[in-house]
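> Take a look at the letters that make up each chain.
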Amino acid sequence: MQFSCLLHGGDYNPDQWLDRPDILAADIDLMKKAHINCVSVGIFAWSRLEPEEGRYDFDWLEAIITNLYQNGISTILATPSGAKPAWMSRKYPEIRRVSRDMTRDLHGKRHNHCYTSPVYREKVRQINTALAERFAHHPGVILWHLSNEYGGKCYCPLCQQAFCGWLREKYGTLDALNKAWWTDFWSHRYSSWDEIEAPVPAGEESVHGLNLDWNRFCTHQTNDFIRWEAESVKAVRPDLPVTANFMYFFDELDYYTLKDSVDVISWDAYPTWGENEESEAEVARRFAFNHDLMRSLKKQPFLLMESSPSATNWQPVSKLKRPGVHMLSSMQAIAHGSNSVQYFQWRKSRGAFEKFHGAVVDHYGGSDTRVFRDVAQVGERLEALGGLIPTCNRSQVAIVYDWENLWAVNDAKGPRNCGLKYRETVLSHYAPFWKMGINVDVIDETCDLDGYRLVILPMLYLLRDGFAEKLRRFTDQGGTVVATYWTGIVDSTDLCWLGGMPGDGLMELFGLRSEEIDALYDGQYNSIKPQQSGLFPAKDYRVSELCDLVIPSTAQTLAVYGSDFYAGRPALTVNQFGQGEAYYIAARAEDAFQEDFYGALAQKLHLDRALSCTLPEGVTAVRRSGDSFDAVTVMNFTPTPQEIRFPETAEVWETGAPVNGALSLAPYEVVVLKLAASSR
Amino acid sequence: MQFSCLLHGGDYNPDQWLDRPDILAADIDLMKKAHINCVSVGIFAWSRLEPEEGRYDFDWLEAIITNLYQNGISTILATPSGAKPAWMSRKYPEIRRVSRDMTRDLHGKRHNHCYTSPVYREKVRQINTALAERFAHHPGVILWHLSNEYGGKCYCPLCQQAFCGWLREKYGTLDALNKAWWTDFWSHRYSSWDEIEAPVPAGEESVHGLNLDWNRFCTHQTNDFIRWEAESVKAVRPDLPVTANFMYFFDELDYYTLKDSVDVISWDAYPTWGENEESEAEVARRFAFNHDLMRSLKKQPFLLMESSPSATNWQPVSKLKRPGVHMLSSMQAIAHGSNSVQYFQWRKSRGAFEKFHGAVVDHYGGSDTRVFRDVAQVGERLEALGGLIPTCNRSQVAIVYDWENLWAVNDAKGPRNCGLKYRETVLSHYAPFWKMGINVDVIDETCDLDGYRLVILPMLYLLRDGFAEKLRRFTDQGGTVVATYWTGIVDSTDLCWLGGMPGDGLMELFGLRSEEIDALYDGQYNSIKPQQSGLFPAKDYRVSELCDLVIPSTAQTLAVYGSDFYAGRPALTVNQFGQGEAYYIAARAEDAFQEDFYGALAQKLHLDRALSCTLPEGVTAVRRSGDSFDAVTVMNFTPTPQEIRFPETAEVWETGAPVNGALSLAPYEVVVLKLAASSR
Amino acid sequence: MQFSCLLHGGDYNPDQWLDRPDILAADIDLMKKAHINCVSVGIFAWSRLEPEEGRYDFDWLEAIITNLYQNGISTILATPSGAKPAWMSRKYPEIRRVSRDMTRDLHGKRHNHCYTSPVYREKVRQINTALAERFAHHPGVILWHLSNEYGGKCYCPLCQQAFCGWLREKYGTLDALNKAWWTDFWSHRYSSWDEIEAPVPAGEESVHGLNLDWNRFCTHQTNDFIRWEAESVKAVRPDLPVTANFMYFFDELDYYTLKDSVDVISWDAYPTWGENEESEAEVARRFAFNHDLMRSLKKQPFLLMESSPSATNWQPVSKLKRPGVHMLSSMQAIAHGSNSVQYFQWRKSRGAFEKFHGAVVDHYGGSDTRVFRDVAQVGERLEALGGLIPTCNRSQVAIVYDWENLWAVNDAKGPRNCGLKYRETVLSHYAPFWKMGINVDVIDETCDLDGYRLVILPMLYLLRDGFAEKLRRFTDQGGTVVATYWTGIVDSTDLCWLGGMPGDGLMELFGLRSEEIDALYDGQYNSIKPQQSGLFPAKDYRVSELCDLVIPSTAQTLAVYGSDFYAGRPALTVNQFGQGEAYYIAARAEDAFQEDFYGALAQKLHLDRALSCTLPEGVTAVRRSGDSFDAVTVMNFTPTPQEIRFPETAEVWETGAPVNGALSLAPYEVVVLKLAASSR
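Chains as they are written, first to last, in the working numbering: chain S, 1 to 680; chain H, 1 to 680; chain D, 1 to 680.
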């Protein structure tokens, strides 16, 4: 789905200011001044919308939406389920979650209702229906914002019961479950379904299959709740789209499972620009990865639903954005596929938990602030970039980042309980492409591999049913695959593959067997010494943490370990498999290794870059491809001026000014180039 | 109120040794040897005083008090409420606290009864009355020691109910409360009084107004309990004074609210002399501040109620006091306004939690120990310093240290959740005066400003009703006020001031508006560069953590930032306001800045010093003023000899030996000088 | 008791593979290949053995045991109480523990049944009896493995009640208990037995006597449970021995109290070879100490019941063993008195908590692995070393390591709450003997001192009744005793000794009194300066953490403090007492001090060494003495070759090759020498 313009706006809470008509009036003026065209309303307004059970008060909301509409501002309308009213918590204890310590929450905070409770579902259905009946056909309303930042787990009896039901459906018999969970270990065999309890510290936590299925169930149950909400509003008007705002590296919920329950993906991004221990480029890379992930979910443009126009108030340090950084941060989202820049929040609340969270309008109330001017500039620019809407990023490279794998890896006991670092590993394999300006899709094991040239599997510990076969077919047909140590260890129920690892036929794909894996203490190192392979420079690279000791069968050794008792044994191998090649990186290497290795591979595989040149450190370029024109966003994430030279003919998107192969970028500057569409 | 001599003694627990008459007899001999004239008795003796419900056994106590009296030793008699007997905990569960995790305590430890429980109050009233009837007129008893170190919170239903009642009284209507607490945020609006619960992790913690009021209520309820105790003993003899021992930087209770419930302020000081990471002078400064705070509560001399004659047993390291340090530490209290040096404890207990806490008499039992000799020397000296009793410290400078502000600052989300450091900031503004030998009062926002020349507001985030007006009047009439960043942000219900900060008219007082505040990560720095203002030397000072970006209206810029995008913007300003001046320090500066700034200000305002000279690093002097003579205590907190020269004519207090403008101090030495009374 | 050969094998879990006869068959072949002669079976098999209440299924177990037996492999048969079946937890909640937070566990994990529950005891008795009736006379079964790694505490009402009963029996009257626990402190006097509760955070934790007695009771109750298990199997066949596997430095249970409840001591050792911050020699020393402790319990050879053939999966880092290390680690156990090398585990489980724990057989399943070859080599060597069985280590030196002292020291408040480091102190007094190749017994205060020449008391804070008298007699008759600071502080009920410390007559033994003890912050140091005593070189040694200030009466000062106000005061003394000598080390000294001091003492007392020579750093030698021959195991714990020269005539045990006074050791090599029996 597409909107008619790039959206610019954010969370708007007029419900906090109903007794201040002067402020509500000022809001409209200020919004226009800031080039706002769309706001999200009603996100935590339940206690205003239903002040007592069954009595709805929607008039104030209608006045707001209509007024916005009459002033040219669209509304993304929220369902209010993100925070339940106090009267409901008090009357229906079952809607409050039971936490991992098995005590039931009192009332308070937000994002903490039971996803299973029939009472809560019914209350949500009723108010959603009423909201839809009143507003779904309002011309100002363009999208449903379902609840807010879904997340969390509930351990109440209703959820436990639903979990049992879900397990029965999945396994059919207790015998099958006992086998899949390997319950003979520590005498954990279940003899009755009702003996099964969710994993908690005071109970069972040592059955990996149980832990994994509990994670799956929690995503399932949340998804079920999302669909429940979606259906309640779609029943009134099926064609009004819905979204749910997702979050940064949110481990709890498998977003790949959730993606089809919403019409458009949206997410909340809060980069920590200006950190002391991480450069702007490193921060940019982490967020680029998440933007790419969100775009990859549906392989369509997404919405940046929340971001801070200045600082946040919940990070350890609320650092102000340096001049230019707000534009840069906003444009980064656009470059990676967002069709919006939305803020949390429009105006700072006067009291409570987020009263110091950055906003377009400060407690001060005026527009003569640095932040307001920054925001208005972004608004102006987005208006000029409306032509980007039909474009989207295309990728020849895919990195597998899989939630089920994440859960299983993080739950594995051994080989490094002090840190397996799945996320960091994935990012270190993503970084080289970001630096080269090569688009990457972030996929999971359920995705198709068709169309990619290169598929990367960092620590793909858990192989879901059929994925190894997909990989073999992909490689056989000419694809290139790269895997690392700690890949192919367990199956989809977290049982180890027998007969040699990587399992499920991957020994054949990579032409080797992993005999054992050495874990290094922090501060211990080994090295990778490339052999004469011609693939990359013969220099040594430092490795740490995990060193896989493999025995090649058909694989060719490209690099070896430099020290310890396994000095000389393979550290990097390649195996010809059908028309393709399968690389295996046996150890956790420093970033330079990944850079050189993927640099060589990019050249070998002729991977498309956004611009055909080498980019300076801290600068990247991202391409959104269109039918006739592509947009290449060039971003300088450094505090110094940068210069780049490239062979393509281009012009500045907004001005049409020609750019003849050379571009100067001020500190933190971002330039959007218009190029002829790439041939792909 | 005053006692006839400087008190010297401490906590005495004969109830632990009733089966050892030999030890009780030895105690009297040893006390005389140690120049003890006053002990505190019965502090945790309830299980001995009321061994079973309703049966009091006071005979042993009378024998002790009488024997002490006959040997010239007064008694401070405790009410026993600090620790309840086991039989009472068992029979009346309601007297045991409910903790923040909403579970009720079992029996054990101390300081953990419910302040609301009618049962506990009645039990306390009964035994206090009985004690008073037996002992209030005993000639040996000079003071009531109410309970011990009041503190802590209870979350039981009785307390919750009392909280609700307190809120109803305060706000009148739910609407008023909802508005004051900004409950529309996150849909937290209450629709019934009984929906309100105390803030706990499993419930509500995100409503700042609730958190703040809960803190206020807990002080209120504790105060109510203290008054209940005081009334129960005063009903028998109204003129026997009461005290309650306060504690070092005790955040939980607003001592300014409690001060009128006792007749004399007393407190327990346990300086950590000999630390590795803090010099003796730094430790001295922290404790000097607390002594000054205790004196400022009633603007009268106070009592040092507990201190260790050697080490404690509850700090991370129980370091022995170096020779001279016990005298120095004891005299520091006297210098800042104490009329006593009391110890915890007279004799070490044989068993349980504090058996290794320092005491005058060790398990060994003899007087031939270093510690005993140190104590006896202090006793002798206090006898020679009896003339100090009618003197007291006077201050021209006040630093605002306000508990409600403390609670609000520490609860604020942002701008530096990793540490706002209110306490450290206050201390860094106190330090320069300590170094110069200038007396300081520590006041809160309820105090009068009359009589001060300089009032300092470090991080005065929360402005109580009327305080800004008081500041404006004070400055208008010629006073000087200094504020820092993060001042004037919220009102008394923790709602942000609208229309610009610092709020409530302080923009006018300081002649500026704070536009935004930058938070720096640990390890990030900026600098303050003084302009040609003549106020202090033109050198740069390092700043960190918080940098306020202000826009002056009428204020004059005295110093600017040295780097980052706000280089050149004001970092220190002054505003002429009526007859006075208002300074604004925009960033957290290194100590040297405060030293130079307040040094210049002291000169400009002609602030009185204890001695008219510059004191060496680690040496300070404190003046207690009398009608005809002042006492100036000069203290060397360094391990090396020090020399000072000053113009005043003086003599050594105890000996009358003349001191003609020069004084040599041995390591850790303390000298009390007698000077003509200052003219003030 | 003795077995006919050195045992080689480990935990075997066929119950996890009952549906894989191919794997069960392969197991037998692989065991033979690995020279396995004994496996432990059934350790966590309860849910397989009693799949529903009262229905036992032992047929599969009989098939396994018989098959093993027919293939020459013995069985150590486990009782299954280490993990209860889920159906039992569900039906009988009382068998689940109540934890320190006073909530009852849900079902899960292992090692968490209530030791008091009559229901659990009865269920255990029934299945143990049934197992014994079926298997106790099976020719393949050689030993009972009672449960697994007993440990943990339960706070349920049944345990609390049993605790009260135990206390009544111990103290007789409440008065006696009140006195022993010094309950007048903080008004903690009990007026009824049922007021006593186990120490928990929400209740009482400040009565040291209560804490100590609770620890004693938990050992008592565990021991009672162990005896219950032992009796249930011995009732069927009294002469089949039992063991229970103990653990490394397991603070919870006083193994000296447990030792007589089993026929043979066994324990589980998991050295962390290859750590970054500790050398192999340091790791070796820690484990040598524990091996010696296990041997000292019964002064007989013990069994190494568990060890990892490669890495563990539960330590922070699962580091592989370097070549040679598995042999070295296994032989270290043998050297210190083990008659077995058993592994956890034979084959890796496919799923759940320990699926990556090292095993002889990997998921791979083949014998062509480095680990399998390492194991087979150990098996071969153990076969060649069968002659060691009748030998055992003999010691002239005893170090007191006492659990009651450990509990009391760790519970003491002061003088260094940031770390008293009892364990580290004991190890630093053990280390010199390990380096010299001198056997040490690790005893507690209940042990006889007869036969030792040197008894060492590191931080013997708590003196049990009669131990001081034993020490005086030992010294009087010519023994040498060495004590440190913080010795002789409390009696057996944790009451401080009055009249001077070290108490109970030890002032007389050591000829001094401890006046006070200074605690140093981390980073603060003092020094020990030896005087002209001729005992050891006159160099200075660094001291830290604790400095005892003693006043000698009859003791002679051998070394003094180097700095601070107690410079020149005694830091090391010796006192002639009867025919013997008593040394007192007043401060925590660096290792070099202990090395030089005990080196001199070893020479003075003519202590026997395994070999009459100085051993290189990281090399040690341990002697097992037999009737005609002794075995001296020489171990190189360094990664470099080492050479030693010694005067004794010897030959290599396995080959008979003569070793004429010189021995070269490869990195990590271990050599067993045969020498003529020592004369002792």
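Wrong hints could be hidden among the right ones.
Put simply, identical chains are the same to the list, so a pair is met inside one copy or across any two.
Claimed, not checked - With a Cα cut of at most 35 Å, we get these calculated DSBU-like pairs of lysine-lysine:
1. K259 / K470
2. K413 / K470
3. K179 / K109
4. K109 / K470
5. K32 / K539
6. K179 / K299
7. K413 / K259
8. K170 / K413
9. K32 / K259
10. K153 / K91
11. K91 / K179
12. K153 / K413
13. K153 / K179
14. K298 / K539
15. K91 / K413
16. K421 / K298
17. K153 / K32
18. K529 / K539
19. K421 / K529
20. K109 / K421
21. K298 / K91
22. K179 / K413
In case anyone wonders, no lab produced these hints; they're calculated from the structure.
> Now look at each hint and say whether the structure bears it out.
For each hint, the structure was consulted:
no. : hint        : verdict
1   : K259 / K470 : within (22 Å within a copy, 59 Å between copies)
2   : K413 / K470 : within (28 Å within a copy, 49 Å between copies)
3   : K179 / K109 : between (41 Å within a copy, 18 Å between copies)
4   : K109 / K470 : neither (45 Å within a copy, 37 Å between copies)
5   : K32 / K539  : neither (58 Å within a copy, 47 Å between copies)
6   : K179 / K299 : neither (37 Å within a copy, 46 Å between copies)
7   : K413 / K259 : both (31 Å within a copy, 33 Å between copies)
8   : K170 / K413 : within (25 Å within a copy, 44 Å between copies)
9   : K32 / K259  : within (33 Å within a copy, 55 Å between copies)
10  : K153 / K91  : both (22 Å within a copy, 27 Å between copies)
11  : K91 / K179  : between (43 Å within a copy, 24 Å between copies)
12  : K153 / K413 : both (22 Å within a copy, 25 Å between copies)
13  : K153 / K179 : both (26 Å within a copy, 32 Å between copies)
14  : K298 / K539 : neither (41 Å within a copy, 59 Å between copies)
15  : K91 / K413  : between (43 Å within a copy, 31 Å between copies)
16  : K421 / K298 : within (27 Å within a copy, 46 Å between copies)
17  : K153 / K32  : neither (41 Å within a copy, 50 Å between copies)
18  : K529 / K539 : within (7 Å within a copy, 48 Å between copies)
19  : K421 / K529 : within (23 Å within a copy, 44 Å between copies)
20  : K109 / K421 : both (31 Å within a copy, 26 Å between copies)
21  : K298 / K91  : neither (40 Å within a copy, 49 Å between copies)
22  : K179 / K413 : within (20 Å within a copy, 49 Å between copies)
The structure shown violates the earlier hints numbered 4, 5, 6, 14, 17, 21.
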